[in-house]
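2 protein chains.
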Amino acid sequence: MKAVAVYPGKPHSIHLREIEPPQLDSIPGGRGVLVRSLEIGVDATDREINEALYGNAPTGFDYLVLGHESFGIVEAVGPNVKDLQPGDYVSCTVRRPGGSIYDQIGRNDITSEETYYERGINLRHGFLTERWVDDCEFMVKVPKQLKHLGVLSEPASVCAKAIEQAYLAQQRLQVWKPEVAYVMGSGQIGLLSTMMLRLKGLEVYTVARSKKAGNKKAEIAEAYGATYVSTAETPLDQLVKQTGKPQLIVEATGSSQLAFQAMEVLSHNGALVWTSITGGQGTATVPSDKINLEWVLGNKLLVGSVNGNRRHFELGIQALAHGELAFPGVTEKLLTTRVDGLENYAELIRRLVEDKEAIKVYLRVTSV
Amino acid sequence: MKAVAVYPGKPHSIHLREIEPPQLDSIPGGRGVLVRSLEIGVDATDREINEALYGNAPTGFDYLVLGHESFGIVEAVGPNVKDLQPGDYVSCTVRRPGGSIYDQIGRNDITSEETYYERGINLRHGFLTERWVDDCEFMVKVPKQLKHLGVLSEPASVCAKAIEQAYLAQQRLQVWKPEVAYVMGSGQIGLLSTMMLRLKGLEVYTVARSKKAGNKKAEIAEAYGATYVSTAETPLDQLVKQTGKPQLIVEATGSSQLAFQAMEVLSHNGALVWTSITGGQGTATVPSDKINLEWVLGNKLLVGSVNGNRRHFELGIQALAHGELAFPGVTEKLLTTRVDGLENYAELIRRLVEDKEAIKVYLRVTSV
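Heads up: the sequence lines are chains W and V, in that order. Going by the numbering used here, 67 is the number at position 67 of the first sequence; the sequence numbering is gapless. Going by the numbering used here, 349 is the number at position 349 of the second sequence; the sequence numbering is gapless.
By construction, these hints were calculated from the structure, which means they are not laboratory data. Watch out, some of these pointers could steer you wrong.
To be verified - If you only want the chain V side, here are some residues facing chain W, beta carbon under 10 Å, derived:
{"id": "1", "residue": "Tyr54"}
{"id": "2", "residue": "Arg107"}
{"id": "3", "residue": "Gly270"}
{"id": "4", "residue": "Gln281"}
{"id": "5", "residue": "Thr283"}
Since this is a predicted model, take the numbers as computed values, not measurements. Glycine residues also receive a C-beta, built at the ideal position from the N, C-alpha and C atoms.
Build the full structure now, drawing on both the sequences and the hints.
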């Protein structure tokens, strides 16, 4: 069976290889679900793993099958799987449990262990292959009517978790009803976060570098009812003068410099969520006295948020469905860049790295 | 009536002046409480206001009476004050309500307005005077048996709120039971936080620059059952190797560089609380890619915390009382540096600025 893999630690080692097909009964307790890949998304994480910035092979392997953004169709289920049957569409969560208390209560997304297990990222093979198998616990159903957006399940879960983390942490304030939000970055996380915050009724500014004219990302943000702002046209401090300081910021630029810069524009009692994985060695010089002073006087909060567990996938899929009704036909515009066939992995990674206009780059493994 | 004041914006303008005595009936609704000052603490905030780094006079005044750490004895109460009577010992909260929803629900400590009102700091006169008056809402009773620590009520409220904010925000994790905490800084906030975290059963490392031998701050930290660590003897990264990464950090060094450095040692699912007011223009260069990556992967959280409202004063006073039973006679060792009489304001500020061994510098206005 074909799979797209890398040799972790070796830059630009992406390649096609033969691997053993997965077995349904490799999952204990009759809880296995065997899935045929339909569409597998790639993102900056895959790019950075291929650049050897992070990522590890499972024990006993020298390669790591890539792909953590999964969408497929169930082919077979074990005898103790209740909620899924062949023909169902599913996405699969990314993290697998370790041994901490969090893992034991089903919150492997917040394991307190330093070592984490993520399919397609760290110590577990990913989904960029013909078939995969996993425990039904990690498999989340995608309604048939949403199958055209199924490949966005994982990114949507990331956004849903990030936003939920902010709201949960802000319960410390007794009342928190943010009105103005900035979403920094207009990639898939930025745009899906824009949609979700618009669905909550916030006034959303989607802030990115590229100019607005003829910009597909800007068109999508505005189709969600947000305002797209190019920092090339309106610097961040000027935007703040126009909108007031935002009470909520979702940072998804992939730039750690901007992640820290976002600290400077957050309002009193505001929440900033960092979602970008930045694998480099970059540094930033920050006005530390000023940020610290304002964060203390203003009771401000920052929370980092990583990929979610099954409940976050459910929330993400719900938001995708809600978005289809509120903004019909908009979300599919994120699906800019499809490559067909595992053997075209080189084209897949080329589009991911080089195509600056691409929003979602994904591989169609099999036709739906 | 004598008061110690500054001209905000004019460095080193601290002076003694005559002001009008406060009137009980200046507080509406018969809710006034007139208090005679016993002991008023000073801290880095007072020093920085005298250095004109921040602070503003109330409208209609060119001076600001200093002092936000209050302790006094009630002399008279209005007809609608139920819980206080002459002879009661009290401390008084610092912030006064603005108009936001938070102010309306009694959470003026988290007002969402940019302008805040703080007695002795911003737009409201402070307590460094013979008598003061305020609404009974802002007056918190100190038990007679705790009157020797009454001047620590405000600092204790700051610590109680800071720790509570971390625990409240971490409810997002469903389970959070930190075991190892670092308290950075060994001033009054660092030491009182050390005590409160020890009362919660945590393994506490009180981390500061000064060497351990012959260091009074180290003695107090260890009398609370914490481990004092001098970064001059054990660099922070070496300490982390010994203890594991802390799940909770209270940052109270007054150095914004260290506030950001604390971000680098926090554990997965950890909470960092910033409590230092840093009024300068300092900058810090941070390993932004690394911090951002680790915060996202590790679901880490930062929260700024400022002075508290009456509930935090109540929590602080409870912790001081609990500390008296658990660690008898230890907390009073914080009261290193007493100056007698408002007319000795110059000595007060000199000790505050120059005496590096001082922990709590305070003015005895009247004998208890």
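Hints, verified against the model:
1. Tyr54: Since the shortest Cβ distance to chain W is 8 Å, the answer is holds.
2. Arg107: 6 Å, holds
3. Gly270: 9 Å, holds
4. Gln281: 6 Å, holds
5. Thr283: 6 Å, holds
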